[in-house]
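2 protein chains.
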Amino acid sequence: MSICVLRAQMLPCKTVLSWTRGTGNRCDIARLRKCGVCYVPNLSPVSFPSRTLSNLATAHSGLARREMAENEALSRRQKVLTIDTMNANIKKVEYAVRGPIVQRAVQIEKELKEGVKKPFNEVIKANIGDAHAMGQRPVTFFRQVLALCSYPELLDDDKFPEDTKYRAQRILKACGGSSIGAYTASQGIECVRQDVSRYIERRDGGVPCDPDNIYLTTGASDGIVTMLKLLTAGEGRTRTGVMIPIPQYPLYSAAIAELGAVQLNYYLDEDKCWGLDISELQRSLQAASKHCNPRVLCIINPGNPTGQVQSRERIEDVIRFAAKERLFLMADEVYQDNVYAEGCKFYSFKKVLYEMGPEYFNTVELASFHSTSKCYMGECGMRGGYMEVINMDSEVKAQLTKLVSVRLCPPVPGQALMALVTNSPQPGEPSHAQFLKERTATLGDLAQKAKLTEEILNTVPGIRCNPVQGAMYSFPQITLPERAIREAKEKGQAPDMFYCMKLLEETGICLVPGSGFGQKEGTYHFRMTILPPADKLKILLSKVKEFHQRFTKCYS
Amino acid sequence: MSICVLRAQMLPCKTVLSWTRGTGNRCDIARLRKCGVCYVPNLSPVSFPSRTLSNLATAHSGLARREMAENEALSRRQKVLTIDTMNANIKKVEYAVRGPIVQRAVQIEKELKEGVKKPFNEVIKANIGDAHAMGQRPVTFFRQVLALCSYPELLDDDKFPEDTKYRAQRILKACGGSSIGAYTASQGIECVRQDVSRYIERRDGGVPCDPDNIYLTTGASDGIVTMLKLLTAGEGRTRTGVMIPIPQYPLYSAAIAELGAVQLNYYLDEDKCWGLDISELQRSLQAASKHCNPRVLCIINPGNPTGQVQSRERIEDVIRFAAKERLFLMADEVYQDNVYAEGCKFYSFKKVLYEMGPEYFNTVELASFHSTSKCYMGECGMRGGYMEVINMDSEVKAQLTKLVSVRLCPPVPGQALMALVTNSPQPGEPSHAQFLKERTATLGDLAQKAKLTEEILNTVPGIRCNPVQGAMYSFPQITLPERAIREAKEKGQAPDMFYCMKLLEETGICLVPGSGFGQKEGTYHFRMTILPPADKLKILLSKVKEFHQRFTKCYS
Numbered sequence: 001m002s003i004c005v006l007r008a009q010m011l012p013c014k015t016v017l018s019w020t021r022g023t024g025n026r027c028d029i030a031r032l033r034k035c036g037v038c039y040v041p042n043l044s045p046v047s048f049p050s051r052t053l054s055n056l057a058t059a060h061s062g063l064a065r066r067e068m069a070e071n072e073a074l075s076r077r078q079k080v081l082t083i084d085t086m087n088a089n090i091k092k093v094e095y096a097v098r099g100p101i102v103q104r105a106v107q108i109e110k111e112l113k114e115g116v117k118k119p120f121n122e123v124i125k126a127n128i129g130d131a132h133a134m135g136q137r138p139v140t141f142f143r144q145v146l147a148l149c150s151y152p153e154l155l156d157d158d159k160f161p162e163d164t165k166y167r168a169q170r171i172l173k174a175c176g177g178s179s180i181g182a183y184t185a186s187q188g189i190e191c192v193r194q195d196v197s198r199y200i201e202r203r204d205g206g207v208p209c210d211p212d213n214i215y216l217t218t219g220a221s222d223g224i225v226t227m228l229k230l231l232t233a234g235e236g237r238t239r240t241g242v243m244i245p246i247p248q249y250p251l252y253s254a255a256i257a258e259l260g261a262v263q264l265n266y267y268l269d270e271d272k273c274w275g276l277d278i279s280e281l282q283r284s285l286q287a288a289s290k291h292c293n294p295r296v297l298c299i300i301n302p303g304n305p306t307g308q309v310q311s312r313e314r315i316e317d318v319i320r321f322a323a324k325e326r327l328f329l330m331a332d333e334v335y336q337d338n339v340y341a342e343g344c345k346f347y348s349f350k351k352v353l354y355e356m357g358p359e360y361f362n363t364v365e366l367a368s369f370h371s372t373s374k375c376y377m378g379e380c381g382m383r384g385g386y387m388e389v390i391n392m393d394s395e396v397k398a399q400l401t402k403l404v405s406v407r408l409c410p411p412v413p414g415q416a417l418m419a420l421v422t423n424s425p426q427p428g429e430p431s432h433a434q435f436l437k438e439r440t441a442t443l444g445d446l447a448q449k450a451k452l453t454e455e456i457l458n459t460v461p462g463i464r465c466n467p468v469q470g471a472m473y474s475f476p477q478i479t480l481p482e483r484a485i486r487e488a489k490e491k492g493q494a495p496d497m498f499y500c501m502k503l504l505e506e507t508g509i510c511l512v513p514g515s516g517f518g519q520k521e522g523t524y525h526f527r528m529t530i531l532p533p534a535d536k537l538k539i540l541l542s543k544v545k546e547f548h549q550r551f552t553k554c555y556s
Numbered sequence: 001m002s003i004c005v006l007r008a009q010m011l012p013c014k015t016v017l018s019w020t021r022g023t024g025n026r027c028d029i030a031r032l033r034k035c036g037v038c039y040v041p042n043l044s045p046v047s048f049p050s051r052t053l054s055n056l057a058t059a060h061s062g063l064a065r066r067e068m069a070e071n072e073a074l075s076r077r078q079k080v081l082t083i084d085t086m087n088a089n090i091k092k093v094e095y096a097v098r099g100p101i102v103q104r105a106v107q108i109e110k111e112l113k114e115g116v117k118k119p120f121n122e123v124i125k126a127n128i129g130d131a132h133a134m135g136q137r138p139v140t141f142f143r144q145v146l147a148l149c150s151y152p153e154l155l156d157d158d159k160f161p162e163d164t165k166y167r168a169q170r171i172l173k174a175c176g177g178s179s180i181g182a183y184t185a186s187q188g189i190e191c192v193r194q195d196v197s198r199y200i201e202r203r204d205g206g207v208p209c210d211p212d213n214i215y216l217t218t219g220a221s222d223g224i225v226t227m228l229k230l231l232t233a234g235e236g237r238t239r240t241g242v243m244i245p246i247p248q249y250p251l252y253s254a255a256i257a258e259l260g261a262v263q264l265n266y267y268l269d270e271d272k273c274w275g276l277d278i279s280e281l282q283r284s285l286q287a288a289s290k291h292c293n294p295r296v297l298c299i300i301n302p303g304n305p306t307g308q309v310q311s312r313e314r315i316e317d318v319i320r321f322a323a324k325e326r327l328f329l330m331a332d333e334v335y336q337d338n339v340y341a342e343g344c345k346f347y348s349f350k351k352v353l354y355e356m357g358p359e360y361f362n363t364v365e366l367a368s369f370h371s372t373s374k375c376y377m378g379e380c381g382m383r384g385g386y387m388e389v390i391n392m393d394s395e396v397k398a399q400l401t402k403l404v405s406v407r408l409c410p411p412v413p414g415q416a417l418m419a420l421v422t423n424s425p426q427p428g429e430p431s432h433a434q435f436l437k438e439r440t441a442t443l444g445d446l447a448q449k450a451k452l453t454e455e456i457l458n459t460v461p462g463i464r465c466n467p468v469q470g471a472m473y474s475f476p477q478i479t480l481p482e483r484a485i486r487e488a489k490e491k492g493q494a495p496d497m498f499y500c501m502k503l504l505e506e507t508g509i510c511l512v513p514g515s516g517f518g519q520k521e522g523t524y525h526f527r528m529t530i531l532p533p534a535d536k537l538k539i540l541l542s543k544v545k546e547f548h549q550r551f552t553k554c555y556s
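Keeping their order, the protein sequence lines are chains A and B. The numbering of the first sequence is the UniProt record's numbering, which starts it at 1 and goes up by one. The numbering of the second sequence is the UniProt record's numbering, which starts it at 1 and goes up by one.
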């Protein structure tokens, strides 16, 4: 056995476990028992089965536990950075979309790989809007251009259509040394910002858009956090208050916690298809103004996790409210192409603002956000995005430009992708037909799956699902038996977390409990993406149905 | 002329200027004069010559200036987000590497394009370590694999060597849906973290590295800011103090300002080749402990902007100091392959820490940072990076993992690139010879240019340049005539900013003044990259020489 004892008594067992996990070497348990410490010098890339690890842990547990505890306590006392001395705001951050349930799902996947028997063969991650991971194919045109940008020697290759080459050459020409490996302007490549601004103008029926108001970002999240950062000021009762919908996408609550701003909840009306009510905005604002300075109103449209699409009239109401109450508007519009329900249409806040006339268009401050991760693209891994700022004070804008320059530039492949999304193949160009076919198929597919999800969920007694008008999620309400709620609370778990955890363990389906997004006291939900392929989605929904019935029966 | 008046009196002239700048349309000045407002509906991608813009501005200035001022004052009063109400910490952020001198350089480039006559034909940006922009060619192997990952249909193509295909397939297999468009684990793709950890073990002669301690990042900057964020706590006299070298890379001062931590300067000794002196660390710490809680010690090795390479002994001293004073060590090691001077060698903090024995290796907390942007890669635009954390408290590590999950994942092309950098072609693999040739050529080239820069600069009376032992920059001291210093101060400019600005205007060479990095009171420097191609670098250096002589004469 390739094991040697190194400076006995020095390295705690935990370190050994962690090293051996990394190196894949077995550990001499007898020696470990004796001295409590050792290390493995031969580093080979075999992975270490978790069962062996747990045997190892058990073997240790008798003799070494006390020693480990002592070692840990000692090292805890000596550490500079501990849970008690770290940034307190970070501790308050929560992000359910990748929270404990997802960590458990990853663990279960590993167990399955190692041959642990489960009542299912695979984990289905319906927790996150990750289209490609769910089998959606990337758009050919995008990937051809990215390949050309990555390895320009391919520009001589006949396999690539002329319009992909033209796009790649245009992007490369705008890069230092004609390489996507060079830094770009911190605000983003100029010609990409021009593409974005022309896209916005087309989208909004000619409303002018200045490329100087476009900031390319590392996904929409980056833009949202940057704007909240600029807006957070004051102390105590003058601290910036940020109004967010409940249920919300937890990036908002996480960023607010990290920045030490004040989260102000306004509740969407589940009975009115997650509609937004101005009187509720008013209530939320009034309740807040005693203990902070409400300055920001965030809207997610189409809604995440709730899937509603705002009407034009409602957007006007919101804008009027923001103007009257002097709130900075942040419009999260990353699902702008994901509108499925009949009679629903996406209106950008910018367009509505413009059409409400100069009284609004010249005064209301707005930042809107878009991303390459959603819609028909689903290119989450590229971390592409942009924000457009309207009516931003020129001095603040200079500060924003300075702030983004510290991080040098957004990833260039993401910028290039944003150029392609906003300047996609046009009729007459060789890639147009295939591009259109792929986009239409993906969006049509999503529309069908939105309908399917709503329909099947609503056949389950105790599950009530609003129409999935847009975005990529259903957020049904679930009725939980009193006994389940009690048991969850005894375990210190949110009742819907208790439910989702059981669902995961029994079926392999990974959903996010409603408590991670916020919900009305006493109601319970889960968020489920509509992204799995239709046949898989059907199986998934029928498993959820069976589970819900079993769960209800078991706890009644 | 394609111009129409829209809602007269509503849109301030500034908006028009900014719109027309974006759209490239001409503006009807007479109309503008009359009503002060208008807008251009036809949006075409022609760019707007800045001379026309400045004519336009002049035309306006008489009649419209008052109106603009009124409009601006009005809109200022109404704005939610102003320079007075924004995040005060952001206002303190400075980032010289992309500061005013670079903005002016970009402006001059535009002027040259528009035909404005200058005493030079191009701007040479020696302000930033942007290798590809300076003509360095990307490594073929990296770009082939990236192209394959972007467009896996190319896996059937005979043009690509087998080892590029193998690497691409391995990365794709680790991605959800086999697409680099899927989100990855927030800490980074597991097999990439394994590659990184094996790379570190090889680099450090077998010192074990646990992939669980590796966090992939969006460039090194992301990791550095994330660590500083975790470490920032307390208020007033208990606020976290962060020791940084002076001169420093201004990401550090910027992040410290943004987080509201306390910047603690320790000065590098220019007379000892920018050496680090422990007594200076002690002085800095002592001075600080009255007004804050010093908890972090940042080291940049090889040095940026100063180019020195730390000896093994000095690193040991620093570690002993950190252990004694209970400081969290942050080692910025992004230039680890960029070591040129004879007798100099890169030692990682991790390796030295390990070899100092368990008394140190089990207690001293360390985070070290690396990047795909520097060394022989120069892939800045990909925003790839990693950090390794050593002896991090397990609860804090869980908080770190949670924190990075909010931003979902680092850009996947950057992660893929990091896998290639740390798992490069091996002897026997088809790409090995070319890879080695390219890497050797680039590093050899840099070594020559480091020598060349030092030698030529030291021929100039009034310029004194330490050996460029490593990294990518020279940071020579310049002697400025008293009269120049006075004139600069009268203008409210740092004297070396005054110098660099004149250099830019007269020669087109863009350098960063030493004041942007910090320097000993009364000394003046500039930072210049050694990246331009050798022939261009020679011209650049001779121009700097001429300029310095002219400047000295003129102000003597």
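Simulated from the structure, these hints should not be mistaken for laboratory data. A couple of the hints might just be wrong.
Which copy is meant is left open, so a pair is good if it fits within one copy or across any two.
Stated by the list, open to error - Listed next, the in silico PhoX-like pairs over lysine-lysine satisfying Cα-Cα at most 20 Å (straight line): (1) K489 to K520; (2) K536 to K91; (3) K272 to K543; (4) K173 to K110; (5) K402 to K165; (6) K229 to K91; (7) K91 to K402; (8) K272 to K451; (9) K92 to K229.
Here is what the structure says about each hint:
no. : hint         : result
1   : K489 to K520 : within (17 Å within a copy, 61 Å between copies)
2   : K536 to K91  : neither (37 Å within a copy, 51 Å between copies)
3   : K272 to K543 : neither (28 Å within a copy, 71 Å between copies)
4   : K173 to K110 : between (45 Å within a copy, 15 Å between copies)
5   : K402 to K165 : neither (34 Å within a copy, 41 Å between copies)
6   : K229 to K91  : both (18 Å within a copy, 12 Å between copies)
7   : K91 to K402  : between (28 Å within a copy, 9 Å between copies)
8   : K272 to K451 : within (18 Å within a copy, 72 Å between copies)
9   : K92 to K229  : both (17 Å within a copy, 14 Å between copies)
Figure legend: structure checked against the earlier numbered hints; hints not met, in rising order: 2, 3, 5.
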